[in-house]
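Going down the list, the sequences are from chains E and S. For the first sequence, this note's numbering assigns the number 1 to the initial residue and increments by one for each residue that follows. For the second sequence, this note's numbering assigns the number 1 to the initial residue and increments by one for each residue that follows.
Rather than coming from a laboratory, the hints here were simulated on the basis of the structure. As the structure is a prediction and not an experimental result, all values here were calculated from the model. Beta carbons are placed, not taken as given, at the ideal position from N, Cα and C, and that holds for glycine. Careful: at least some of the hints might be erroneous.
Stated by the list, open to error - Pairs of lysine-lysine residues, derived as DSBU-like cross-links and limited to a Cα-Cα distance of at most 30 angstroms, are as follows: (1) S/K268 with S/K157; (2) E/K29 with S/K181; (3) S/K13 with S/K268; (4) E/K243 with E/K6; (5) S/K13 with E/K50; (6) E/K134 with E/K123; (7) E/K119 with S/K92; (8) E/K6 with E/K281; (9) S/K3 with S/K50; (10) S/K13 with S/K203; (11) S/K119 with E/K281; (12) S/K203 with E/K126; (13) S/K203 with E/K203; (14) S/K50 with E/K181; (15) E/K184 with S/K203; (16) S/K92 with S/K126; (17) E/K38 with S/K357; (18) S/K157 with E/K150; (19) S/K298 with E/K132; (20) S/K126 with E/K132; (21) S/K149 with E/K346; (22) S/K243 with S/K232; (23) S/K92 with S/K157; (24) E/K119 with S/K50; (25) E/K232 with S/K298; (26) E/K298 with E/K13.
What the hints assert, rightly or not - Stretches of chain S that chain E covers, calculated by requiring three or more beta carbons in the stretch to come under 8 angstroms of a beta carbon on chain E: (27) 24–36; (28) 69–83; (29) 163–173; (30) 181–194; (31) 270–278; (32) 288–301; (33) 382–388.
Number of protein chains: 2
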Amino acid sequence: MRKPIKVEEAIRKVMEWTRTGRQETVPIKESLNRVLAKDLTATNDVPWFKRSPYDGYAIFSGSTAEANADHPVLLEVLGTIGAGYTWDEGIKPDQAVKIMTGAAIPDGADAVIMVELTKELEKDGKIYVQIKRKVEKGENIVEIGEDMKKGEILVPKGTTVNPGVMATLATFGYQDVPVMKKPKAAIIATGSELLEVDEPLEKGKIRNSNAYMLWGQVIRAGGEPVFYRLVKDDFNETYEAVKRALGEADIVMTTGGVSVGDFDYIPKVYEKLGAELLFNKVAMRPGSVTSAAVLAGKILFGLSGNPSACYVGFELFVRPYLKTMLGHRNVYLKRAQATLGEDFPKPNPFTRFVRAKLSYEAGVIHAGPVRMDKSNIVSSLIEANALIVLPGGSRGFTKGLQVDVLLLEDEEGAPEWDENITDRRLQRQRENHFS
Amino acid sequence: MRKPIKVEEAIRKVMEWTRTGRQETVPIKESLNRVLAKDLTATNDVPWFKRSPYDGYAIFSGSTAEANADHPVLLEVLGTIGAGYTWDEGIKPDQAVKIMTGAAIPDGADAVIMVELTKELEKDGKIYVQIKRKVEKGENIVEIGEDMKKGEILVPKGTTVNPGVMATLATFGYQDVPVMKKPKAAIIATGSELLEVDEPLEKGKIRNSNAYMLWGQVIRAGGEPVFYRLVKDDFNETYEAVKRALGEADIVMTTGGVSVGDFDYIPKVYEKLGAELLFNKVAMRPGSVTSAAVLAGKILFGLSGNPSACYVGFELFVRPYLKTMLGHRNVYLKRAQATLGEDFPKPNPFTRFVRAKLSYEAGVIHAGPVRMDKSNIVSSLIEANALIVLPGGSRGFTKGLQVDVLLLEDEEGAPEWDENITDRRLQRQRENHFS
């Protein structure tokens with residue numbers, strides 16, 4: 001007889017064995033969606049020279065002190081500075097230089113007047129700009145370091161690179177980007193009933209779908225999946241595969257073989273390996289037979305052979321482990337609150353994780369379960385973008401309740417796993433309902 | 001003088017020139033996040049043989065007609081069928097076969113009794129199972145096609161492959177997956193002030209960040225970015241680069257050179273190419289100078305050289321174009337409603353798109369602007385996961401208003417662009433406020 005432990009406790013046991021992964025550098029073009037291994041700091045002030053935010057004329061402000069509509073001043077225009085060019089000889093008080101957005105302010109100038117407020121004139125073969133107002137010192141000048149200061153931490157390590165981070169990396173010359181190495185996650189599907197994806201069907205057999213599902217889940221979590229050959233329900237074959245994977249990968253996942261059937265060899269494999277069992281039963285549906293063990297600091301996840309249970313087991317236990325290796329700060333699935341779209345009248349002593357699709361309406365999130373929630377139906381996973389959390393207990397759940405949902409496609413994550421929040425929220429709603 | 005057109009109209013003009021992209025097949029392992037080019041149909045019934053959903057005994061139900069706690073029946077156990085195996089000789093009414101979850105029901109059996117409800121006995125060297133209740137015909141038998149029917153469309157074309165879709169592909173033997181080819185999007189950054197990411201700083205110059213930002217945005221939208229060398233503010237150089245890119249890529253994006261400055265050559269390049277101008281001014285901030293043109297059915301996007309304007313221009317105009325080529329149904333950014341986290345007291349005649357970070361609280365979405373909203377600050381793009389939409393008009397916006405936000409990291413998208421929704425919603429709130 002196995003004793004179920006709470007989901008929360010199972011997660012805690014897994015997370016006790018996390019470790020930080022290794023680092024590597026990748027070219028900036030390959031950095032999208034990777035996790036920064038070091039803080040990204042400004043390698044120079046931005047701007048690192050005074051520049052003009054507009055097209056206009058760089059001038060000495062003092063020369064406009066007396067200017068007004070009736071008495072405009074005329075300043076000689078020495079030339080034009082395009083963005084990327086400089087005017088190295090500087091200007092004198094009665095001179096100006098036409099300047100383009102982004103160009104460096106020449107020596108002697110302390111202000112820029114926008115081109116729209118001026119007029120150019122020609123006189124005696126020289127070009128002049130006519131200014132009809134007083135310009136303040138510093139007007140339209142972006143000061144050195146105004147946007148960013150050298151040494152400032154712009155993006156903390158543990159951040160996933162998005163297009164904005166890429167732009168920042170480029171700005172500061174990060175041709176090579178220090179990122180966390182993707183943890184290698186071994187996938188071993190067990191079960192004599194399994195066929196490879198390219199094999200023809202045989203009576204009694206089904207194609208291996210869990211391994212491909214996990215392949216996608218590992219990539220989505222930021223890891224590098226590694227396939228191992230399908231393993232029959234055979235003790236030695238299973239043992240050898242797990243042993244080999246332990247030597248090659250950072251974590252080892254098996255699917256199937258964790259129940260109490262005659263051909264469920266994973267518990268015996270853990271035993272022969274001398275692995276320390278963390279748990280072999282979790283108070284959850286689906287996936288109550290999910291197991292985990294540790295050998296020499298390396299973790300083994302025994303996921304269910306049932307697709308939905310396997311899916312949920314990965315998201316709850318494997319994902320935060322991988323994310324921690326990757327140096328993420330928010331390793332758990334983000335929790336949001338949503339309105340339950342259907343009754344769940346039957347109580348269940350175990351916490352349920354119902355595959356659901358969220359919809360947004362007027363700033364409020366609704367959660368509808370996806371198709372039938374039979375755990376053997378792969379197709380319910382197609383549309384799911386969330387898991388509804390229904391805490392175990394002696395009562396069912398009615399449509400319209402505010403329930404917690406775990407967001408599956410969110411990139412941000414959450415720093416903690418807090419099952420109790422859900423319990424308290426539901427408790428409060430039920431009290432209000434009857435008071 | 002350029003005449004600004006509404007964002008909505010600019011999008012419509014761009015979308016008139018969309019076309020569907022090409023198809024290719026990729027191995028299932030490379031299919032994650034790709035877009036299905038064909039409907040994914042069930043290639044066989046699931047299950048395609050009757051199977052047992054539990055560990056138990058396959059029996060003929062009629063043989064338990066008289067069974068009860070006082071008068072149990074004993075059926076001879078002929079053997080065990082592990083998952084993946086079959087029992088080809090069938091059973092007779094007084095016989096049973098032990099059966100594992102997922103295994104095929106043998107001929108002669110029409111029900112399964114769960115192992116927990118039985119007991120095994122040995123008598124005269126034979127094994128018997130003791131059954132103390134009547135078992136109904138069909139009990140615990142998963143019928144052929146119960147989960148999925150052959151020919152059923154499981155995932156429509158245009159769907160992005162997620163781990164659940166991968167599992168479904170594997171189930172039905174899709175070793176090679178028909179997906180949409182990633183559209184090639186050329187990126188040409190123009191500006192004499194630009195340095196490559198690995199070049200040392202020079203006075204008056206800045207490193208090219210837009211191209212790397214677009215690189216990330218193109219990948220995020222499902223396209224394949226193609227870099228072209230930096231182009232100086234020089235008419236011929238710009239013209240040649242754009243012309244070459246038109247011959248090689250599916251769409252061409254330039255950054256910079258679209259203003260009305262002395263060195264803004266993009267309008268002249270469009271002219272010399274003989275491209276039809278779609279627009280060269282949009283009533284939006286940032287990015288009012290965003291331009292678009294068409295040549296021989298191929299589209300050219302003239303994005304601003306200002307990072308924020310470039311970013312917004314891509315998301316509003318280029319993204320839906322690329323997504324349409326990819327066969328997506330929901331090509332626009334998903335709109336949600338969120339509570340405005342800050343006052344925007346200054347009215348603006350143009351629609352503003354403010355880079356923001358969303359937070360969720362008790363089922364309600366809050367939108368806070370990210371850092372300063374200066375359009376020249378790259379760092380404001382790091383944390384942005386949404387754009388707040390503030391429609392143009394003669395009034396400012398107060399904290400607490402329900403505003404529309406466009407979700408930047410959402411995978412689902414929206415089928416339509418509807419600016420008017422925002423206007424009507426704001427109108428309603430303001431009326432309520434003063435009534």
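Those earlier numbered hints the structure runs against, lowest number first = 1, 5, 7, 9, 10, 13, 14, 15, 18, 19, 20, 23, 24, 25, 31 and 32
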